[in-house]
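For the protein sequence lines, the chains are G and B, in the order given. Going by this note's numbering, 361 is the number at position 98 of the first sequence; the sequence numbering is gapless. Going by this note's numbering, 398 is the number at position 135 of the second sequence; the sequence numbering is gapless.
Honestly, I wouldn't trust all of these hints.
Since the list gives no way to pick one copy over another, a pair counts as held whenever it fits inside one copy or between any two copies.
Derived BS3-like pairs (lysine-lysine); straight-line CA-CA distance at most 27 Å [stated by the list, open to error]:
{"#": "1", "residue 1": "Lys330", "residue 2": "Lys367"}
{"#": "2", "residue 1": "Lys359", "residue 2": "Lys394"}
{"#": "3", "residue 1": "Lys382", "residue 2": "Lys266"}
{"#": "4", "residue 1": "Lys394", "residue 2": "Lys266"}
{"#": "5", "residue 1": "Lys367", "residue 2": "Lys272"}
{"#": "6", "residue 1": "Lys382", "residue 2": "Lys358"}
{"#": "7", "residue 1": "Lys394", "residue 2": "Lys358"}
{"#": "8", "residue 1": "Lys422", "residue 2": "Lys359"}
{"#": "9", "residue 1": "Lys272", "residue 2": "Lys373"}
Note that these hints are calculated values from the structure, not bench results. None of the values given here were measured: they were computed from a predicted structure.
2 protein chains.
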Amino acid sequence: MNKEQLFVKMALSAWETHIGRASELLNSLSDEQLLNEIAPNRNSGIYLIGHLIAIHDAMNDILGLGKRSHLELDEAFVQNPDHSGFDMPAVSVLKKYWNDVHQKLGDALKQLSPDEWFKRHTHMTEEDFAKEPHRNKLNVLINRTNHLAYHLGQLRLLKSN
Amino acid sequence: MNKEQLFVKMALSAWETHIGRASELLNSLSDEQLLNEIAPNRNSGIYLIGHLIAIHDAMNDILGLGKRSHLELDEAFVQNPDHSGFDMPAVSVLKKYWNDVHQKLGDALKQLSPDEWFKRHTHMTEEDFAKEPHRNKLNVLINRTNHLAYHLGQLRLLKSN
Numbered sequence: 264m265n266k267e268q269l270f271v272k273m274a275l276s277a278w279e280t281h282i283g284r285a286s287e288l289l290n291s292l293s294d295e296q297l298l299n300e301i302a303p304n305r306n307s308g309i310y311l312i313g314h315l316i317a318i319h320d321a322m323n324d325i326l327g328l329g330k331r332s333h334l335e336l337d338e339a340f341v342q343n344p345d346h347s348g349f350d351m352p353a354v355s356v357l358k359k360y361w362n363d364v365h366q367k368l369g370d371a372l373k374q375l376s377p378d379e380w381f382k383r384h385t386h387m388t389e390e391d392f393a394k395e396p397h398r399n400k401l402n403v404l405i406n407r408t409n410h411l412a413y414h415l416g417q418l419r420l421l422k423s424n
Numbered sequence: 264m265n266k267e268q269l270f271v272k273m274a275l276s277a278w279e280t281h282i283g284r285a286s287e288l289l290n291s292l293s294d295e296q297l298l299n300e301i302a303p304n305r306n307s308g309i310y311l312i313g314h315l316i317a318i319h320d321a322m323n324d325i326l327g328l329g330k331r332s333h334l335e336l337d338e339a340f341v342q343n344p345d346h347s348g349f350d351m352p353a354v355s356v357l358k359k360y361w362n363d364v365h366q367k368l369g370d371a372l373k374q375l376s377p378d379e380w381f382k383r384h385t386h387m388t389e390e391d392f393a394k395e396p397h398r399n400k401l402n403v404l405i406n407r408t409n410h411l412a413y414h415l416g417q418l419r420l421l422k423s424n
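Kindly generate the complete structure, drawing on both the sequences and the hints.
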């Protein structure tokens, strides 16, 4: 395995580890626990789950993998903070979206060649990418993994001690 | 910049971004806020800060950068959970350790050549590394960045809304 393949493997493996941990946590929480806030007057579990689904679903567009599936989640889970009064799907529906979005995304990520990972993502112009070539598709994956870890640390608080 | 240098830049840049965010958060919190728990009956801010200092300080050993500075923190902040009754340094002392440890570590990380980053870290045997070459020094940095992000999401809860 050359260094290029190794680096893709490291970044993908960190992503998959965190998706695995989040999925396991999600499956271990009851609907009632997910409706709770992570701490008094903070985000609810359902908000953070919807937020992660929407952000990960949008990776399809950013990485050029295809159309995202749930644009309708952005209003309640990305563009506005929790408790803004926008309709949220039921926990059972979000749990299904979680599985579907990560299944589809996981399959698509595995298809990308190392060369493809080092290309520009769709939110960068060619001009900016020429100046900052580290802001490639792989960098999106690294950033999204850190974003997931950040919220996973919070979601963990929904479990009883 | 070749791809090898690009990977290192991506991983280091994610690390530096998160250390920067954590330092900024730490500086914005009063000693009293840091003594609070992140949520009822959960870890205190000071525990998580001590934990991160100890884990990051230990990267000196794991990455072969030199001796770590604060082995004495492991008992209270790594080997045992919060509220175990072990002595903890004052918040002011931990804040100084935070700056010193990250200053020293940041300087050392910048000195590592791309070649060096792809070598075995000291917690891997040569035999295991031959089988799993992605478990190199750069992988340690990627994992520690995710670990930091996880706890940063929790420390953020110490700030008033």
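Here is what the structure says about each hint:
| no. | hint | in the structure |
| --- | --- | --- |
| 1 | Lys330 <-> Lys367 | within (11 Å within a copy, 45 Å between copies) |
| 2 | Lys359 <-> Lys394 | neither (41 Å within a copy, 37 Å between copies) |
| 3 | Lys382 <-> Lys266 | both (16 Å within a copy, 11 Å between copies) |
| 4 | Lys394 <-> Lys266 | both (23 Å within a copy, 15 Å between copies) |
| 5 | Lys367 <-> Lys272 | within (19 Å within a copy, 29 Å between copies) |
| 6 | Lys382 <-> Lys358 | neither (32 Å within a copy, 40 Å between copies) |
| 7 | Lys394 <-> Lys358 | neither (40 Å within a copy, 36 Å between copies) |
| 8 | Lys422 <-> Lys359 | within (20 Å within a copy, 33 Å between copies) |
| 9 | Lys272 <-> Lys373 | both (10 Å within a copy, 23 Å between copies) |
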